[in-house]
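**Student:** Protein chains in written order, with the numbering used here: chain A, 149 to 361; chain B, 3 to 265.
Take the hints with a grain of salt, since some may be wrong.
Calculated from the model, a selection of chain B residues having no Cβ within reach of chain A, i.e. all distances over 10 Å [unchecked claim]: (1) 58; (2) 69; (3) 74; (4) 106; (5) 117.
Some, not all, of what chain B presents toward chain A, calculated at C-beta under 7 Å [what the hints assert, rightly or not]: (6) 92; (7) 94; (8) 125.
If you're looking for bench data, these hints aren't it; they were derived computationally from the structure. C-beta atoms are modelled at their ideal positions from N, C-alpha and C, and glycine is treated no differently.
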Amino acid sequence: MSFKLFSLLVQASVWTIGISAISIALGFLIAIGLSAALLSRKPLYRKPAEFFISFFRGVPLLVQLLLIYNLLPFIGLNVPSIVAAIVGMSLCTAAYQAENLRGGFESVPKGLTEAADMVGFSPRQVFLRIKVPIALRLTFPALVNEAIMILKSSSLVSVVGIVEITRMAQDLASSTYMPIEIFSSAALIYLVICWAVALAGRYGERSLPGVAK
Amino acid sequence: MTLPAISVRSLVKRFGTSTVLQEIDLDVPEGKVSCLIGPSGSGKSTLLRCLAFLEEASEGMITVNGEALGFFENSKGERERLPAAQIRAVRSQIGMVFQQFNLWPHMTALGNVSEALKTVHKVPKAEAEERAMVQLTKVGLANRAGHYPSQLSGGQQQRVAIARALALSPKIMLFDEPTSALDPELTGEVLNVMRELAAEGMTMVVVSHEIGFAATVGHQISFLDQGRLLFTGPPSEIFAKPRHPRLEQFLDTYLDRGASMLA
């Protein structure tokens, strides 16, 4: 396989990495709100969040992407397919990340918040200064896991016409008749990216303040 | 007689249908060490947690230096909950030390001690850390200021926790079994810090299984059993001539244990 073919795959990986990174970040922000709603005592907040999560965890991402891609123009939003892809991936990962975060918040030892109450923290200060940092620490490994899952799931956005690694590999395979070489190269690129994310995750986890070295 | 630092009247605490504290009346004298002793499940930790308003009493009143804590009696004689800000204000006179230390794992020792000064009292960072260092020095841990809780022994963590409470200049310190989670050889360093505090005239309420500490440092000992406060008095009365049969039995088990350790 020529260097030129391989470099086309590497160029396509920019889309894979870009879409995944934006979706993980957006999904994380949405997940913070969702997890707060999940932990709320008010059904008015909790129920919609529960519904949202059961939908996005219960419908295949491929179907979600096709649905969003077709739904946005239908409701009058003519956006490029990249936006549809990012919206779909963000909402999907938000559902998973919200459940991770909920678990993290619930695992913050009660004694740590009581200690904060005793020194006069307001509920808001307890949330921001104690609960959030500790919950993030507890959920960090799951977050790295989710980032890797999303990186691989991004291969599905090819159905809305985005030429990321998988789509590029399919195009190249059908035009060059070298599917084994090309799909092996695609697999190798995915492997390297995911390995780098895992490595960065492990380094990041160790450098969180207060984690026993 | 001077006003008691904490005064408890007819306090009842129920969890669901079980009553864990029944009709507790207790005065905590100012500048003295009051110890709560009793078998496990007797309600002594729950009583202490009520004094910190970490548990809300089901009935009765608690006043801290004359101010109602959590609930007050309104003009119609009904028990009414105070607004959260007022509860925080009364509670700010109280420092609490927990059995499990409860240091914040993502902050250094210095961070743990200076955090409330910075976040709650808006003291500038440099000044807050300076004041925190004074407290860490007091508990003998100035050289561990930059360590995270995971890098400290249990005894050191508990001393940081004491410094954290002291940094806010409380008038009263509550200790909930402060040495129960520690190896025997580490209890001494924590008890020493508590002895020094007592010698400085800090008002302290201590729930502890350290009968020796209660006997030597305590000014007032209260014995709880099955949610009732059976006896309150000076240590001389309690330990020298325990007149209550349940108390005698309780102390005997401690003496037995001491004797078996010698054997």
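**Student:** Hint by hint, note whether the structure agrees.
**Tutor:** Taking the hints in turn, this is what the structure says about them:
1. Every CB of chain A lies more than 10 Å from the CB of residue 58 of chain B, the least distance being 13 Å, so the non-interface label holds.
2. For residue 69 of chain B, the non-interface assignment is confirmed: its Cβ lies about 15 Å from the closest Cβ of chain A, beyond the 10 Å cut-off.
3. Separation of residue 74 of chain B from chain A is adequate, the least Cβ-Cβ distance of about 20 Å exceeding the 10 Å criterion.
4. Listed as outside the interface, residue 106 of chain B is inconsistent with that label: its C-beta sits roughly 6 Å from the nearest C-beta of chain A, within the 10 Å cut-off.
5. Look at residue 117 of chain B: its CB is around 7 Å from the nearest CB on chain A, not clear of 10 Å, so calling it non-interface is violated.
6. Proximity of residue 92 of chain B to chain A is violated relative to the hint, the smallest CB-CB distance being about 11 Å (cut-off 7 Å).
7. A least Cβ separation of about 5 Å between residue 94 of chain B and chain A falls short of the 7 Å threshold, and the interface hint therefore holds.
8. Look at residue 125 of chain B: its Cβ only gets to about 12 Å from chain A, farther than 7 Å, so that hint breaks.
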